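Novice: I would like the entire structure built from these sequences, with the hints used as guidance.
Here's the letter readout for the chains.
There are 2 protein chains.
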Amino acid sequence: MDNLVLFEANNVPLTPITFLKRASECYPNRTSIIYGKTRFTWPQTYDRCCRLAASLLSLNVTRNDVVSILAPNVPAMYEMHFSVPMTGAVLNPINTRLDAKTIAIILRHAEPKILFVDHEFAPLIQEVLSLLPTHESQPHPRIILINDIDSTTNPSSKELDYEGLIRKGETTPSLSANMFLVHNEHDPISLNYTSGTTADPKGVVVSHRGAYLSALSLIIGWQMGIFPVYLWTLPMFHCNGWTLPWSVAARGGTNVCIRHVTAPEIYKNIELHGVTHMSCVPTVFKFLLEGGHTNQSQKSPPVQVLTGGSSPPAVLIKKVERLGFHVMHGYGLTEATGPVLFCEWQDEWNKLPEHQQMQLQQRQGVRNLTLADVDVKNTKTLESVPRDGKTMGEIVIKGSILMKGYLKNPKATSEAFKHGWLNTGDIGVIHPDGYVEIKDRSKDIIISGGENISSIEVEKVLYIHQQVLEAAVVAMPHPLWGETPCAFVVLKNGEEELVTNEGDLIKYCRENMPHFMCPRKVVFFQELPKNGNGKILKSKLRDVAKALVVKEDDAGSKKIHQRSVEHVSSRL
Amino acid sequence: MDNLVLFEANNVPLTPITFLKRASECYPNRTSIIYGKTRFTWPQTYDRCCRLAASLLSLNVTRNDVVSILAPNVPAMYEMHFSVPMTGAVLNPINTRLDAKTIAIILRHAEPKILFVDHEFAPLIQEVLSLLPTHESQPHPRIILINDIDSTTNPSSKELDYEGLIRKGETTPSLSANMFLVHNEHDPISLNYTSGTTADPKGVVVSHRGAYLSALSLIIGWQMGIFPVYLWTLPMFHCNGWTLPWSVAARGGTNVCIRHVTAPEIYKNIELHGVTHMSCVPTVFKFLLEGGHTNQSQKSPPVQVLTGGSSPPAVLIKKVERLGFHVMHGYGLTEATGPVLFCEWQDEWNKLPEHQQMQLQQRQGVRNLTLADVDVKNTKTLESVPRDGKTMGEIVIKGSILMKGYLKNPKATSEAFKHGWLNTGDIGVIHPDGYVEIKDRSKDIIISGGENISSIEVEKVLYIHQQVLEAAVVAMPHPLWGETPCAFVVLKNGEEELVTNEGDLIKYCRENMPHFMCPRKVVFFQELPKNGNGKILKSKLRDVAKALVVKEDDAGSKKIHQRSVEHVSSRL
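If you read the protein sequences in the order shown, they are chains A and B.
Take any residue in the first sequence, note its place counting from 1, add 688, and you have its number in my numbering.
Take any residue in the second sequence, note its place counting from 1, add 688, and you have its number in my numbering.
The reader is advised that the hints may include incorrect statements.
Pairs count within a copy or across copies, as identical chains cannot be separated in the list.
Stated by the list, open to error - Straight-line alpha carbon distances no greater than 20 Å define the calculated SDA-like cross-link-like pairs of lysine to any residue that follow: (1) K1078 <-> P1202; (2) K1218 <-> H948; (3) K1099 <-> D690.
In case anyone wonders, no lab produced these hints; they're calculated from the structure.
All values reported here derive from a predicted model rather than from experimental measurement.
Specialist: What follows is the structure, encoded as structure tokens:
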């Protein structure tokens, strides 16, 4: 057995860019991309990617070079998920919602050779460049503009833009070879910065192997059939769109690209193109509800929606499903190259009462096929917790889909990977049926009189209240118990004038959860502070809660809280 | 980028045995195996496999040791697909339809440390052992009996049998660890002998990596949803049941194991257990047609059938579909660890007339996601043929799912892998839409007056004839044209007395194909010679055709041919 050596034919690196060549050969007549009036077929998309790759090589881009992009979900963003790694270089998609200062920090750290910028962000990037140092050891990246492919007006500048590079690129034999310039599947394919709210963002390096496996297991976990019509509501800069650029190519699907994610855009495109799949963070559910056509579900099969990023309240899922969407809940993290747990629906659950179904649907679920293992461990003893659905511990994972590490940050990398697992920092339980449920981020757990209180559990109850649109619960210092829950609540539009005030909500909580879990303070907000990915910034709310510390029996009044809102709003 | 090293958590070998631990943890209440009155859940199957693995270790089985098994599709056969590789050893499933001499050749070549034998084959194995040499340098394998798990009678012998090993096995920490004893994904998981009809069988070595990727792409290519109920009509000894033992575990499905594949068994189990999926060689279609309930399709959704091994005639597919089955056609070979092409159905085809649909459904299709590439090449120039659906060439493939090589046969291995591809020996075309269609095995092509005649094309026309049950066409020497087609035909039951004779069939052929392709001789058989996998042995038919060589204008008579049948039958 040991005498068998590997041959060229049976030792092929795993990389998701092979899915593009396959789609161009196996589905030559299918539409790959729709963007406004623009339509491409898979052979066209393959040709465009090869041409851009050839142009990148002529600009001296080589293996392990970083190529950054700041763009919304336009065709260029999709194509660069293939063309950049084709050359052996590393794609670095930057969150377009970040401010100039944060983008400058990322560019200084990532040191891209080229930065592609969508025309919408040209002014922002001027500001960013002014913040970058100008010394020779770290030259500015070459900037290449992405003009709108759907626009008839050409750029006045003679500077080569994205479409110019595609026109100019001529495919060489080495590029048209099957594996392009990928020689090792462990080589990096992408560099994604986490949205760290406290420290400088960390650069997660993803490998070809990890991206390939993650794209396959997403197809299986989500049961994505052949030829999906996929609407790009999830930003591709967000963890490479959960590896979906590659999965959609693997399935010979159609990518419906949109520049702005709004309810009218979503509903219009669903209707126009027969969208079958989309994915989004739960924040987008708010748009769907606000712009919802109630007869959607009667016209066509439900749109399959994969959601994750934060735990969607079960009632929110139900409301969205009534509009003609079918929601699957997943759990992932940038460090894991995409979703790693899927809440797989079991037929038996259909017989359960609705409230139980809602509880089940909200769990993070079971590991996907390419995650080798998941466990929940006591953070002190490192022992696995019992599978009782109650005992909390840290969720740890392992498998070849995990990141290679953080760029230029060996300390954070070994910290993340210590004890032989990737330590997610999420606190959860395992139910007897094997489904994992997240109870909180480890830093969001509230410790009150020695009891662990999951802020998410408290939020779940608040979300069930019919007047609550959004809720976030954080720890507030307490003279007796150490910490106690403090709730930040956004009421539904036009319902601020209704009866609900702090006292009502606290009373409601006491009727619906153990007393020690009840918020002792409720603050009403017009809008909760969120980061670029739409995640609620609990660190900011904790700062507010600290300032709001009250005596044990201070009942407060609505007036005081509304003052707090004004005070807080100016700070966020 | 180059400074990132691999950690224990993100460098996990790819092996399909992880699917078993996952199923036991994620689907703890689901039925894994049904066999007669026996039922197991996934945790039970996992426990049994770990126990058997522990017993194997205690019998000094170590990495790269071969463990053989001669058994039908009983639970032990399924379990050993996990328990043997768990120990780092290599599973060698032996075709139960082989004769003692061929099995002895395999055992001498594979040198298994242990041979598990189902009680049904105990007498056969005694005969095999008597054929093995007895010198010390190659000791006989230790024989372990698999008694019927469903039987109440225990073996009279005190010898430890399969169930005894499971009872005795105690899982060690190293075995219960996630990756078991697999340290390198390129290590062998299985050793499968091809059914070579001319030379000694060759031992195909399959890697953990190949099996893992193949199992994943089978799920995607066949669109196998969660929780399938899979009926084991395909022998697991046949190319590891096309990797389905691992795919079904990955999907948390139920394996319905049956000892004998007969029409009543198939239909009974479909009804009893709500079978959703099965796979088989087209020979099984004959059983289905003979024992078919015509109202099957009205009772439940169609059973998904994956077929391959040889090209099923389109009319046969249609007939089977009318009985309540939905057929998907795949193409694979032992050297590729399972199916590598799937005839993916395109919705647009539903609008075409039935005969065109039948033609499309019969093509081998497009490559699965884990096959890196497929091409059809001119065997002399090694250039890709044009994608015109006409120009024939050899089908070549590459990808990490391919075998490691042939055991102890470096010459055959480098021959198979020469020019950077695995050369399949199958002759085919690529259609403009990217679908591959096999025209023949390279050795089955008939060269008549310089024209290539695909024997399969001629057979297709014969199969459409309403009285033809089976047909095989081979080359017959011809004084003028070099070779000419000779057809071997089995007529339908009870229809031998009808009008069809050789002259009628040749006339029918001349009306339905170019004259140069028409068989100049038709031989009627009661049964065509087949190998252990049910493939028609064209080499045997060629021998017959050589003996039957006739003058250009000899029309022959039915009587003469029936004499030929008797003559031939005694030789096969």
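Novice: Run every hint past the structure and note whether it holds.
Specialist: Structure-based check of all given hints:
Taking the shortest alpha-carbon separations for K1078 and P1202, only the intra-copy value of 15 Å comes in at or below 20 Å, while the best inter-copy value is 74 Å. Taking identical chains as interchangeable, the C-alpha atoms of K1218 and H948 lie at most 20 Å apart only when both belong to the same chain, with a minimum of 18 Å there against 63 Å between chains. Taking the closest pair of Cα atoms, K1099 and D690 come within 20 Å of each other only across two copies (16 Å); inside a single copy the shortest separation is 38 Å, beyond that limit.
Violated hints are absent here; each numbered hint is respected by the structure.
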